[in-house]
Every structure is written in C-alpha cells, then in structure tokens.
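Chains as they are written, first to last, in numbering that gives the first Met the number 0: chain A, 0 to 198; chain B, 0 to 317; chain C, 0 to 807; chain D, 0 to 231.
Don't read these hints as lab results, they were simulated from the structure. Nothing here was measured: the structure is a model prediction, and the numbers come from that model. Don't be surprised by glycine CBs; every beta carbon is placed ideally from N, CA and C. Please note that the accuracy of each hint is not assured.
Chain A stretches covered by chain C per the calculated footprint, using a threshold of three residues with CB under 8 Å from any CB of chain C [as the list claims (entries may be wrong)]:
#: 1; segment: 37-43
#: 2; segment: 75-82
#: 3; segment: 135-147
#: 4; segment: 161-174
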Amino acid sequence: MNMELSRRQFLAGSGAGLAGTTIAALGFGDVESAHAVSIRPFKLAQTKEARSTCPYCAVSCGMVIFSAQSKSAPGKMEIVHIEGDADHPVNRGTLCPKGSAALDYIRSETRVKYPMYRKPGANKFERVSWDFAMERIAKLMKDDRDQNFIEKNNDGTTVNRWTTMAFLSGSSCTNETGWLTWKVARGLGLLQLENQARI
Amino acid sequence: MFPPLPNPTTQPVPPKFGDKDLLRRSATSITPPEKRQTEVAKLIDVSKCIGCKACQTACLEWNDLREEVGVNTGVYENPHDLTPASWTLMRYAEYENPQTGNLEWLIRKDGCMHCEDPGCLKACPAPGAIVQYSNGIVDFQKENCIGCGYCVKGCPFNIPRISKVDNKAYKCSLCSDRVAVGQGPACQKACPTQAIVFGTKDEMKKWADKRIADLKSRGFANAGLYDPPGVKGTHVMYVLHHADKPQLYSGLPNNPAISPIVELWKGMTRYAGFAAIGAFAAISVLHRVVAGRSVVSADDERNAKMLADKNMMKEKTP
Amino acid sequence: MTNSWTDIKNADVVWIMGGNAAEAHPCGFKWVTEAKAERGAKLMVVDPRFTRSAAVADHYSPIRPGTDIAFLSGVVNYLLSNDKIHKEYVRNYTNAAYIVKEGYAFNEGLFSGYNEANRSYDRSSWEYEIGPDGFAVRDLTLENPRSVYQLMKQHFSVYTPETVERITGSPKDKFLKVADWVASTATGDRAMTIMYALGWTQHSHGAQNIRTAAMIQLLCGNIGVPGGGINALRGHSNVQGITDIGTLTASLPGYLAMPTDSEPTLESHLGKRTFKPLQANQTSYWQNYRKFYVSFLKGMYGEKATKENEFGYNWLPKLDVAYDCLRMFETMYQGKTNGLICQGFNPLMSIAHTKKSIAGLSKLKFLVSIDPIETDTARFWENHGEYNDVDPAKIQTEVFMLPCASFAEEEGSLTNSSRCVSWKWAAAEPYHESWRDADFLADLFLRIRKLYEKDGGKGIEPLMAVDWSYKDPLHPHAEEVLKELNGKALVDLKDGEGKVTRAAGQQLASFAEMRDDGSTDGVQWIYTGVFGPNGNLAQRRDNSDPSGMNVYGSWGFAWPANRRILYNRASADPDGKPWSEAKKYVFWDGAKWTGADIPDYVPTLPPSRGAGPFIMNPEGVSRLFARGMMAEGPFPVHYEPFEAPVANPLFPKIKGNPVARVFKGDMEVFGTAKEFPIVATTYRLVEHFHYWTKGVHANAVIQPEFFVEISEELAREKGITRGGWVRVWSNRGAVKGKAVVTKRLKPLKIDGKTVHTVGMPLNYGFIGEAKKASPINTLTPPVGDANSQTPEFKAFLVDIEPISGPVA
Amino acid sequence: MKGGEVASGDAIHRGDPVIVDRYKVDARINHWLTAGSFVLLALSGLALFHPSLYFLTGLFGGGSWTRAIHPWLGTFLFIGYLGLFIRFWKYNLWTPTDGTWLAKLHVFLRGHEEDMPEVGRYNFAQKCVFWSMTAFILVMIGTGLVIWEQYFAAYTTVDQKRLAVLVHSMCAIVMICIVIVHVYGALWARGTLTAMLKGRVTGGWAWRHHRKWLRELATGKSDQTPRGTPAE
C-alpha cells in the first residue's frame, strides 16, 4: 500500500508540474504584447512662452521661458521650463550650465519667500509684513539722514550730501531699475553708491 | 555654424515615431517595419568641447532628474560617475602629447551611444523593457523594466545604471520626447559651442568630415570619427583629435563590441542548456522503459525479516 | 566691448588673456569656436592656469599672475623693434606723430612729477607740445625724438623676450609665438580680437593692463575693424547697462560726471569738460557735454529744473571724495556708515579682506538686503562655525532680508556686454511675497518723502525736487522709465529755418537732437533712440544679417546710435577706402559714409576734411601716449603686485604700484615672500555664477565643493594628495579645501627662482546648497587699482599645507 | 570508516514486513523545503533565462517580483542545503566499496542490485548527487551574490558580473539535470519516495538497496564483513 500511496503522490506531483503550462495556455504568454511603447509626452505642449534674458553673465543670452497654471497656487502661472532662444543672434538657442539650470534658481530652496527681520543681537530672522519692514526702514533712514545730511560744506558751498548711508546696486537689475535706483539714491543725497562694475 | 533648430512649439503635435517604428524589442521577436525611418545621430565634437557641463544641467532640467549634491574628490568630474539621475557626464583627461610636448585637456561627454547593435537590449530578459526605434534611438521603457541589471552587463560602454529607489534601469533616451516633435536633445540645444550637433546620421557624418579636415590642418594627423563598427555603428558619434587612441578620452573603448561572454550567455548557453535538460529527461524515460523499475522482491523482505528476527531475539534472551 | 559678440566670428586671431571666456562666457565663446571652424582662426590663451579656454586653444603660454604688463610690453617691443606695425593706421589714427612737450621724463620706473608723500603725480608734464595755432604739434615722419612713436620705442625697449621670461616666467619660445601671431594681424587684411575680463582688471595696475593691450591693437590697426577690438567680457547680465546708468559713486548716467565741491556752479562743472579740438577740423564730440548734462537735469528734476536754478544742478549731492567699494567698506570699518542697502549684491563675498568686511557690517545700525535668494551678507551676523565664526549677540545691526522678484518675474531692458539693449518680458507674477525692485524703490522713496512732509527735517528741498511723475507712482512701469532714459522734446524743436524738426512731447530719435537750453530732457543721452518716435527698439527681434558679416542691426538697439562696432570709421583708410576687401566694413561711397554698420562719424563729412576717426577725443585720434588720463603715467610700466614673490626685477626699489591707494593700517596686512612664498590667484568656475548658483541645486550638483588647484610638483613638495584636504593662508586669514592636483598648473622660473602658483575658485560661501566654505576673500588684500579701485584679487601671496580635514 | 552508516533515529521494527525508520521528521521537512525552494528557483531562474519562459514570472507576480524573489530563494536554498549537508555529509564519505560498486555500475543500471556489493546508507550515485549539489550550490551562491544588483552591484566590475552571470546560468542548467537524475532515481527505485515522505522503508527495500546499513542497524555494530549468505 505504500507503493499505491507513492504512485498517487507522483501523479499529484506531475499534475503540479503541468500547472505552469496550463497557466501559459491561459494566456500568461500575452504579457508582452499587452505593453505598448511609451514616449514621454512633450511637456511644453499647452504652455505659455515668454522671451526673457539670462540673469547671469553679460552675454545676456536670449531665453524662452515656458509657464503653466500652477498646481500649488491656483490662478498663478508657474514656470515649468527654460531653454535658449534659437532666434537670438548671440546665443542661438544655447545656454551655459548656469542658464540651463535657471529653473532651479527660480525655485531655489534658499529663495527668500517673505520679508524677514533680525533684531539687534538676535540669532535668528523672524517673518514680518512688508508694511512693517518698509515703515521701519524708512524711519531708520529718515532719522539718520536728519542727523547726518550736509547742506553746505565748510566753504559754504551747497553740497546736499548724506554720507552715512550706502547703497550697493545690483548689476543684474534692468536699466529701468538702475535708473530708479540712481534717482532715489541721489535724490536722498547719497554718494556711497556702487555696483559690481569694479569687482 | 550648424543651423540651429527653431524653438519648440507649445502646440500639441503627434509624435513622429512610436510603436510602428520598432526595430527591436527586448525579449520579444517582432517583425521590423519594412520602411526604416531616417537614422538620426548626435555628433559630439570633442575638439570644440569646453567641458562646461551645460549638457549635464540641461539634461537634469529637461528630464526632471534630481541628482544629489556630492563632494569634490580632487577632480572636475561631478557627479563622479553616471547615475540613475545623471544620464550624461563630462569626463576630463590630462594628456601630455609626446609628439608636441603640449598638454592637452581631453574632455569627453559620456553617455549612451545608442548602438545600432544594442548590447543592453540583447541582454534584457524583460519583454519591451528596452526598445530600438528604426531611427536608431535605443530607449528604456520604465514600466517594463524589472531591474535585473542584465543591460548593465550587456552594454559595451558601461552606461545603464539601476536606481536604488525604484530598482529600474536608467540612461540617456536621446530625448526621444523632443526628437519625436522635431526637436534636438536638450544637451545639444544647450551646448554653447555646438560641440554637440544633432541631425540625420548622414548629415552628421558630413559635418564631421569638415571638422576632421580642420583638425588635420591644425596638426592632428589622426583626427577622425568614432562610429565603432563593433556595434555596427552608433547614433552618438565623436569627433576625436586622436581617433587612433580613443582610450585617451577617459577610457573610451578602442573597439567596442558586445562582450563575447554576453554573446555566449545569451546564445549557446540557452540552446545547450535546453538540450541538456531535454536529454536528461529523455534518458530517464528511456531507462525506465528499457530497464524497468527497481522493485523490492519478496526474498528481500524475507531476508530482512530473518536478519531482524535473528539479531533482535538475541537481544531479548538474557 | 568695442566690438560685438557676433563680430568675434570675423577674427583671424583670437587672443584670450586676463580672462577665461570659455568658462566665464561660454555662449559668447561660441563665436571664437565659430571663427576657428569657419575661417581657420587661431586661438591663443595666456593664463596662469591651463583653463578650459586653453583646452580648445591652438597655443597656450603660462604666465605668473600680475605680470601681464611685462608680457604685453614685450609684444609692443617686438612689434616696434621688428617694425611689424600697421604704419598708416598708426601714423593717421593714433597720436604716434604727436610731439610730447619738454619736461616729460621717465627714469627708475617713475615718470616726471612724482610726489612720494601722497603717492601721486603732478601730471602737467605729460602733455603735447602746443603750436602757435593752438593745436598740438605733429611730425608725420615719426622721426622727431620727442614724438610719441620714438618715445615709445625707447620706453618699451627694455622688454626683450629674455626680460619677459625673467619677469613673467613665460618661456621665450611660447612668448615669441604669441608675439608673432599678433604681428600677423598688422596687415590691414587680417584682424585680431583681444578678449579679457577680471583677470586684467583685478590688479593694483588693472587699468594699465588693458591700456597696454589697447596699444597693441592700435599698433596692429585692429581697433574699429571687424574681427578686431579690445573686448571686455563683463560679468553680470546688465553690468554694462548699470554702468551706463552710472550707479557708481562719481558717475551720472551716460558717463557724465558727478559735481564736486570744487564745482559750485553748473558752469564751473561744464567748463572743465567741453573740450576744444586739439587738431583742425576735429569733431571732439564731448563739446556737446553741456547738452547732455542739461537734458539729464531736466529729466531728473522735470518742471522744477529751470535756467534760473541752473536746472537744479545744486540739488545734486556734491562729491567730497570717491566712495568706491573699497572706500565704502573702509568707511564702514571706521564706523562712519550707519545704513546699507544691498540690492542683488552680496558684498561680504565680493569685497576683499572678509575679516574687515565682517567688522564693517557689524558696525552698521541697519542693513537691508533685497534679493531673490538668500545671500551670505544678509546672514553675516549668523554663526556658521569656522566658515563664519561670529557671535550674533555681539552684533547690534538690524537686518532686513526682503524677497525680490527673480529675473523671470519682471520685464525691462538689459544691455549686454556689446552694448546691445534688448527687452525681456515677464513669464510669471513675482513668486511668494516678493516685490519687483522698482516697487521697492518707489515705495521706499515715497514713504520717506511722506515722513518729511509730515514731520519735516533736513534737506527737504532736493528730496522733493526729484521728478516722480509716473502714471502709478508706486509702480513705475518699465516702458515709461525707458522713455525717460531716452528723452523727449519739451517744446517744438526747430532747425535753422524755423522748421519744426521735433514736436513738443515727442520722443527724441537721437542725442544729436538734445539742447542745452532746457528744451529737451533725457537722462541717458547714450541711449537716446532706444525709445524714439518709432517706439521701443529694445524690443526689436529681427535677426537678419544683411551684410553677411554677422551684424544684426535690427536686433534690439546698440548704444550709441545703434552702432555695433565703435570707431568703425577706422576700418577705412584716410581716403575712406577699406583697408582691404576682407575687412570692408564702413567706407566713403563718394557722397556719404556707408557699409555694414552705422558709421561712428559724421555721416556726410568727407575724408578730405581730415577729421580723425576717434571723434570723442579732441585729437580725433587714439592715444598711445595717454597724456594725463592715467594715474600711473602716460605709458604702462611693469609694477609688481603688492604681494609678489620677487622684488620688481626692473625697478627693485618700487613696491607695487607707486600710486595705488593704500588705506591707513592696510599696509600692515600685506604678507612678504619670506612668510608666504606661494602665489595665489582666484577665479570663476564655469559651473557657477559668482555667489548665486551655490544656492541653485543643479549647479551645486555639478561643482559641489570649494577646492584648491595645485601643481603636481607642489603636491609632491608638500606631501599633498589629490582629493586630500589642504589649508591655505595669507596674512589676512585662512581657508580650507580639497586639493585638485593637476598638470594644468606648473611652477615657473622667475628671476632665477622657482615660483609656485595655486588657484582657488571664488564661488563658495556658507549659504546655499553647495558645501559650505570660507569666503575666498578671507585671503585677498584690500588694495585697488589706482584708477578704478578694483581690488587685487588675482595676484597675492599665501602658504599651503596638507591637513586632516576641517573641524566641523 | 568509523562513524558507521547509522544515523540517529534510524531504527528497525519487527513485523511483516519489517519496517525501518530512515528519515526523522525534521530531516524530511528540511529536505522538502530545500527541494521546494529549488523548484521555485529553477522556475524563476528559467523565466529570466529565456524570453520563451518569461511567462513563468506570472507565477511570482511579474518580472520585478521574480527578479526580487529569486536571490532570496537562493539564500533560502543555501541555508536549507546547509542543514542537509550537516545531517548527511558523513554518510556520503568515500568508502572502498564505492570503487567496486562503480565498476559494476552497468549491473546496477540494469536493475540487478542483488549482484551489487552491499552499500551503506548511500550508494555511490547518491553520493555523487550529494557532493555535486554541494559544489554547485557554492558556485551558485557565489556568482548569485555578484549579480544581485540590488545589494552587491558596487562590489564588482562589469566584466566580473558578466562572467558571473554566465557561470551562474550554466551551473543552473547542470544542477537541473542532476536533480532530474535525483528525482528519477527516487521514482525508479520503488519505495524510495516513501522514505522521504513517511520517513520509513520496508526491510526488503533496505536489504535490497542499503544492506550494509540494514545490517548495522540490526546488529548495532558497524562491521565491514557481511554476515550470512548473499541474497539469492
């Protein structure tokens, strides 16, 4: 009877052995044909483009900036891709490693998001409102100007200068910003006005 | 200057190639299209390359890859090797030319060569995980990839990398999504000096000839095109000042081909293997038929009983 | 740039020195590779390091940092002594033929008129001899021993190839190859362009580096011709525009000057500057200075500027002393500055001698930083271990860090390095809570005004006089501001016959329309035309090249007057014929000047009148002899950097630049070659832009960490291994980094002594995504160029040692 | 040899037929777990070996799962086999009899085992299976680790990986062949399967296939010289 037993086992075993092929017959083999190739859909379709200029060096390469409706902030446009402007006579669509990564600059983790304020002696910034910041800055400036503004020098010449206040103007700002900077700074009487031209 | 392609359109356009243009499909036997698309190619002119890595950031941005910030290890290469998130990499080699005594800084953009005879695809066991379009682009299909790493072993250029995150293989796709809408790869568009140009393979070969002539005129007698026959040519080609010594360029293979080991593994072994298994099974069956089964006879049982009784009675009687 | 990026394609020889275009300006460098590929141009690079520009060069020569003048003077000497110069050009378009008056002298490395006490010159002897007709005396045979030409020959004769090798360490053969290639362009049918950047400017004798290069270009006749020029590759995307605008201590827009204490009235200011011609029939364009100045004042003060009040001249602050960056931080350091606004500026990173900068910033009452990303300056008070080791509790400065719109979130015009003004459009609203710079400035200005209206205070009149009549005063629109820069007619402008040439209120088409009677405004005369009667030309996007010479005259607007190559009249010979067909550019067609570009000349002035091509100069020609324009003298001289490994091999007594300004107490911070035997230089990496991109992920990825480049020889000597940590220190501080041991740096033989050079990238700091590092300017000396006060970042002394690694 | 042929738990029970305990329950569990993992390994391995068998990945929940599970099965098998090895290695050592046995292999294959020299717990053929499996499993685990991308990719060069994957697949084939022999052997000799299923065999089975083992079991002493008369 042991033999009988073993025979039954054997059959059972072979039955198990068959299982694989049966499954195949049931259509496992079709796994391949089920899959189709996928080329990633072109991500600039349905985006809005704007012609801009690279913020970095003074080759000032032409850029095309593509933006789409923001997912995080509804109603706002979000910049999704930047590449060189092929129409631009200087860069002809090319961009350097900085320009090619300009999107990472716009969405940089170290981007300043809100006005931040650091009290004297404090060891951290605190978030404040624009109005607080601007009011405080205007106040500090007026107080200092009232103390240190010089209308006439020792020879009695009108000099209208304020030498205890300094302004470092950014060389990546637009010409328009540059002029407004000049106007505000000189209007207040600043002589300590510089940009990155020398350095 | 090689005429730049126009800026990309923001209008939706149907892809210029797809399923119907498959030349090969991993672990699948398919019938290639009777009419093959014009072969495309990326030409990398090493003699124009300034090693600026614009190709690297352009690739990161276009393909939405997030590479880790590493460290400096005393060289300019960063990252230090290709990774699942870095599909292309600048490699720098300092070479003092014995002929001229001049220092040469040989900078090569490394990445997938899009072989005409793709070792990765041949090694891949997962149906449809790697496809080759008739225009020459070899592309990975993430959803079919099982992460076995066979492509790594199949590649003569050591390009694919397996992600530790999702266990899928990654490499340059030649920006198939851009090419599909008539654009060039992101790296090519960015390249400041047109050290990377993109077009049909014939155009690229013609363009290369012009560059090679210029290099020869500047004393690089062995300047030439790198389009290795060992893999039946590639769809990423190099212009080299020293085409006779590709290995100077951070170990670019002299004469790349799918490793004979891989060929053996994917070829002979399979058939020999099945044959062997079949043979053994057959022999067993045959032996069963010829020799019948080995059966225990009544005698055997009796002998065993005798043996047992004899000894065990002994033990009993004091 | 005298020429344009695209014009580089017309060059036959490209010489990169004092710069590294491939790394600092990759997309502009494209036109170098194009010149090579398309017309077989040769590229030569002279640099202390074998850079990525050198990687694609046909010839490379090393040089010791800070010895460029010796190298360049060697080339000048080579050209003169071998008579390989463009004679006709030199004779007619430079002051080579001018006679220098008696009294001018040069000996022992100093020119006549030196005053050791105040480290400056009485420049009166550096002048031409003036004839009875009131014009400068010339000798067109160039034989007069006191002619500029003869004086030059004599002055530069000491710079023989051997001497050049002795000073610079550049092997004689490599130097001679450079000189030979330069000479190959002194023919009229070939041109060489010189591309430089801060590798020439950031020295105590930076301006003279550039002058010497300019002289070479003049001797070869390469100024004003296609493929020629002396091209400054500027740093920031709009540093050209911002410089044009003149947010510089002593500047007004358009290179007009700030009033000084010695100029109490408008006339006293203008009188000095409206130059009379020094030759018959010369244009001397600065004669129009007063028209531009008055138009500026009308723009600045609008209605309030009247003849009676000298158009508000006295409302402008008057300069007591020039507050360049270095003086700014000196003043701050002395506690004389209370407030600082940094607008897209990270001075803690970019000013020399960081220790001093930190001390200065700590003395401020308040600091305002408005920038899209966090700057190290805005967090100067924060302790970052060894990278910024300060005690916040001890720093009483109030700090405001304000979010600013990024470049992509605002519109406006930018002026690239080749003076082309072009427009950019906003791609999105400002991110997060950020404001546009314009909105910040308007808000600040109007708030302060309001406070004065409310509470009164000092200096109200000049403050209120400023014209701020924008449609929306709180949000001035970019286009209305550009119009303001351009200028308009305030009344109907009439010509001689009384015909109205420009109706009141119309935008001006050209600065030629500007008047000095207050009937026009326009704050930026050189830009006039950019927003003329035909609208905003900065927005033009026609990239056609009608001449086929890579000139894109209908793309944007290049100042002045949409000119793409300056002094382009010099591309034709005195008779107005092109020097050669190959370089045909602007020429006289019998009736007028014409060609591929807007002539830099009076369009109808015939060659017969003999007016020189350099119309801004009273001579009408360019200056090989600088007269009184340069602080160091009319001719360049090799002076060592303030920190040099050897004494000046030519004039051992002279330390550094004899007229460079050194602040009290700063002389002590210089190190000696005995303590600090190794030369150091700093530079930019192509993977990064200054101090921003350390905060940009992808750029942090491709070049993540500060490093020190050293030669294999020095590594062996000091036992430094590739990738190992090293400490580099100067007399001012120390930095730590990984060692990049390379064949691209080699020790040089200087005056018989082996000198090592180490290079360090400047792009790292303690804020951002890249690995933290000490600011590189911890090491650099606080001394500047005698003319521009640009700090000497490119040549100083350090020592180096291997270390186990930083104590974090 | 000293140790003798008797394993702990082997025992004789008088009766008709005589019943002999051959495998304790833990030994049997050990064997079948090992056997099971081998089958799964073979199936998952073959699935990645040739596209025509890729469908087998269906048994494991798809390609990725197959790729992930296979090396763990391998590890499991390795441990399992280690157990078997420790249990049985001493009964598989070479004895002089094996030589004479091998010389008469043809007789054995014809099924005339009565004419074969008496063998102990295992005959020469079984010992071959035992030792070859031991060897191949070592090679498989070794090469397997080399190509286990997920954890060990970093430790070897591509060339080493290539060689490893080739050796791995070749050895796998050989092992499958050996197992075929093993299984067939078990089926061929009636009553053998019971040994591994129930743990016992009939005395006759033992007398026929492993007489020396049976004698030792009966006499309790390990003795080289056969007692009684050879079976007729």
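Verification of the supplied hints:
{"no.": "1", "hint": "37-43", "verdict": "violated (count 0)"}
{"no.": "2", "hint": "75-82", "verdict": "holds (count 5)"}
{"no.": "3", "hint": "135-147", "verdict": "holds (count 11)"}
{"no.": "4", "hint": "161-174", "verdict": "holds (count 14)"}
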